[in-house]
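Asker: As a plain string of letters, each chain reads:
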Amino acid sequence: MSVLVYTESENGKFKKTALEVASYAKAVAEQMGTSVTAITFNANDVSVLGNHGVDKVLKVTNSQLESFNAKAYASAISQAAKNENAKVVVVSSSADSKYLAPLLAIDLEAGYASNVVEAPSSVSPFTVKRTAFTNKAFNSTSINTDVKLVGVSKNAFGVVETSASASAEDFSPNIPELGVSVESVDKVTGKVTIADAEIVVSGGRGLKGPENWGMIEELADVLGAATACSKPVSDLGWRPHSEHVGQTGKPVASNLYIAVGISGAIQHLAGINASKVKVVINTDPEAPFFKAADYGIVGDAFEVVPKLIENLKAFKAQQ
Amino acid sequence: MKILVCISHVPDTTSKINFTENDTKFDTNGVQFVINPNDEFGLTRAMWFKEKQGANVTVVNVGGAETEPTLRKALAIGADSAIRVNTTAKDGFQVAKELAKVVQDGGYDLVIAGRESIDYNGGMVPGMLAGLTNANFVNNCISLEVDGNNAKAVREIDGGKETVSTNLPLVIGGQKGLVEESDLRIPNMRGIMMARQKPLQVVDPTDAQAETDSVKFEKPAPKGAVKLVDADNVQELVNLLHNEAKVI
Ligand SMILES: Cc1cc2nc3c(=O)[nH]c(=O)nc-3n(C[C@H](O)[C@H](O)[C@H](O)COP(=O)(O)OP(=O)(O)OC[C@H]3O[C@@H](n4cnc5c(N)ncnc54)[C@H](O)[C@@H]3O)c2cc1C
Ligand SMILES: Nc1ncnc2c1ncn2[C@@H]1O[C@H](COP(=O)(O)O)[C@@H](O)[C@H]1O
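Chains F and L, in that order, give the protein sequences.
Read left to right, the first sequence gives residues 1 to 319 (the numbering used here).
Read left to right, the second sequence gives residues 1 to 248 (the numbering used here).
Everything labelled a hint here was simulated from the structure, so no lab data went into it.
On a predicted model such as this, the values are computed, not experimentally measured, just so you know.
Even glycine gets a Cβ: it sits at the ideal position worked out from N, Cα and C.
A couple of the hints might just be wrong.
If you anchor each label on the Cβ, the simulated ranges turn out as follows [unchecked claim]:
| no. | chain 1 | residue 1 | chain 2 | residue 2 | range |
| --- | --- | --- | --- | --- | --- |
| 1 | L | Gln53 | F | Ser165 | 37 to 45 Å |
| 2 | L | Phe19 | F | Pro306 | 39 to 47 Å |
| 3 | L | Asp80 | F | Ser172 | 47 to 55 Å |
| 4 | F | Ser63 | L | Gly30 | 14 to 22 Å |
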């Protein structure tokens with residue numbers, strides 16, 4: 001028996017969420033008095049997983065799995081879970097993990113809880129806390145099946161360091177017929193993505209036009225942040241759709257979310273309120289965002305943002 | 001082509017969220033229910049397939065009689081027929097099992113569902129349904145075209161998008177992008193009148209059981225008031241973010 005965790009990598013390197021789900025798996029394993037096994041696909045150096053609670057790594061190396069395929073990955077993870085006799089399987093909340101998890105749940109006949117924010121409050125019955133109603137509430141859910149599948153929310157549990165080392169072995173699952181094949185990938189490179197970003201800088205209609213996004217990009221640059229926008233901004237074509245965040249756009253769960261010229265409509269907040277610290281810059285003190293934010297400046301973005309960039313540059317220079 | 005659009009009936013985002021019976025039940029009092037936004041995009045895309053490619057479109061919901069106005073709205077938007085599986089939706093697995101039966105009985109080629117519903121945000125039903133019916137599955141689908149048995153889809157990924165090819169039978173988890181906001185339709189009088197004549201079939205559930213139980217709800221701790229920083233003292237914000245919030 002063990003806890004199995006799927007640790008995601010990109011170009012051979014682990015993502016931060018991989019270390020977070022490994023830490024989570026360790027917490028579950030401790031409660032159950034068992035060990036943690038990780039499964040990786042085409043990852044290079046897996047030793048880092050040992051620092052986050054993993055005891056054993058199953059390394060899948062297969063050129064057919066170079067690009068993500070939900071069915072094949074789910075099948076491989078399911079085979080690993082059966083081999084290891086895993087009673088709990090842990091995945092992240094990345095787009096890929098959310099894609100494969102329901103397929104994995106069916107393969108393993110496992111009850112699945114997604115968007116889980118804490119270690120289980122009890123392992124018998126197995127009970128976890130998840131978000132519901134677009135972060136307006138939490139729901140404690142018990143999973144009644146023999147095997148349990150847990151999807152951990154990003155940035156909710158955190159990365160925990162342990163000092164242990166993981167053993168590694170090769171694992172060669174059978175690969176099913178893929179069913180869906182990738183024709184082309186269109187991905188911005190060299191930019192922080194909203195999904196991975198610790199900090200997100202977001203602009204709204206208050207910025208008046210696409211020509212004013214220079215300062216948003218510069219602010220993001222100084223902070224090593226990803227850029228995002230409100231829905232009307234992408235609808236108007238000022239910014240690409242991939243930057244649209246909110247209920248109908250991408251979800252954001254960053255450490256810091258800076259909203260510039262965004263009113264804070266409920267549909268916008270629904271998608272970003274999982275972020276830890278929220279800052280708003282808006283001319284209108286009555287803008288609803290001030291009720292949702294931790295820090296705020298009532299002021300004109302065209303004056304405040306350049307000052308903020310200047311101050312941050314000075315701050316970074318001191319560090 | 002026979003299309004099944006899965007419709008989840010959810011509280012409008014602007015609704016106040018409250019719980020009753022010792023925080024174990026969602027309080028539907030005064031809550032307005034709508035078609036899940038992701039399903040509305042899917043339904044509108046289905047209308048395109050109907051109008052351009054002669055597809056036949058059925059909408060389905062697993063739920064009690066209270067969801068029928070939502071199904072009627074989908075009929076008024078243009079779906080040909082509706083099915084309601086007469087049982088309370090308990091979890092993603094149970095709903096997916098009920099839907100799998102509907103898919104098998106009806107022989108649908110394409111199932112359009114949403115990437116998640118905005119009530120429980122499970123993101124479970126479409127993938128589970130694909131797994132149960134052995135169909136291909138594309139999640140976070142932002143574009144879909146079908147030509148005979150072949151489908152081409154675009155899926156949103158972290159940091160970009162991916163174009164994939166696949167075959168029917170297919171299940172998608174759709175979202176905005178399938179159609180644009182401006183393409184969404186508000187039912188007109190004629191649609192509403194016609195919807196009354198369209199078949200809404202109520203079917204009995206199978207014996208599918210849920211795998212999870214909702215134990216209790218709670219609301220997040222109330223947030224403290226915003227700390228305002230003077231626009232002339234931006235340095236103070238940098239200090240607060242560094243020393244107090246510790247995020248930079
Ligand atoms: C079903 C549905 C789904 C939706 N989904 C989403 C979603 O996913 N994401 C989303 O964002 N929206 C969504 N919306 C839209 C949402 O309701 C709001 O309309 C939208 O978020 C408003 O965008 P905004 O704040 O950029 O623009 P506005 O509401 O126009 O606000 C602009 C703000 O900028 C401020 N401002 C003006 N000038 C300046 C200046 N010089 N400096 C600083 N501030 C300034 C103004 O005071 C104002 O508060 C959805 C709506 C519906 C009905
Ligand atoms: N009770 C239901 N009846 C019909 N379809 C549903 C139901 N619940 C969920 N779905 C479909 O599955 C999608 C994802 O829902 P969920 O897995 O609940 O997040 C929704 O957008 C719907 O298309």
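Asker: All the hints need checking, so say for each whether the structure fits it.
Answerer: Consistency of the hints with the structure:
1. L/Gln53 - F/Ser165: 37 to 45 Å: Since L/Gln53 and F/Ser165 have Cβ atoms about 58 Å apart, the given range 37 to 45 Å is violated.
2. L/Phe19 - F/Pro306: 39 to 47 Å: Holds, at about 46 Å.
3. L/Asp80 - F/Ser172: 47 to 55 Å: holds, 48 Å
4. F/Ser63 - L/Gly30: 14 to 22 Å: Cβ of F/Ser63 to Cβ of L/Gly30: about 57 Å, so the range 14 to 22 Å is violated.
Against the hints set out earlier in the document, violations occur for numbers 1 and 4.
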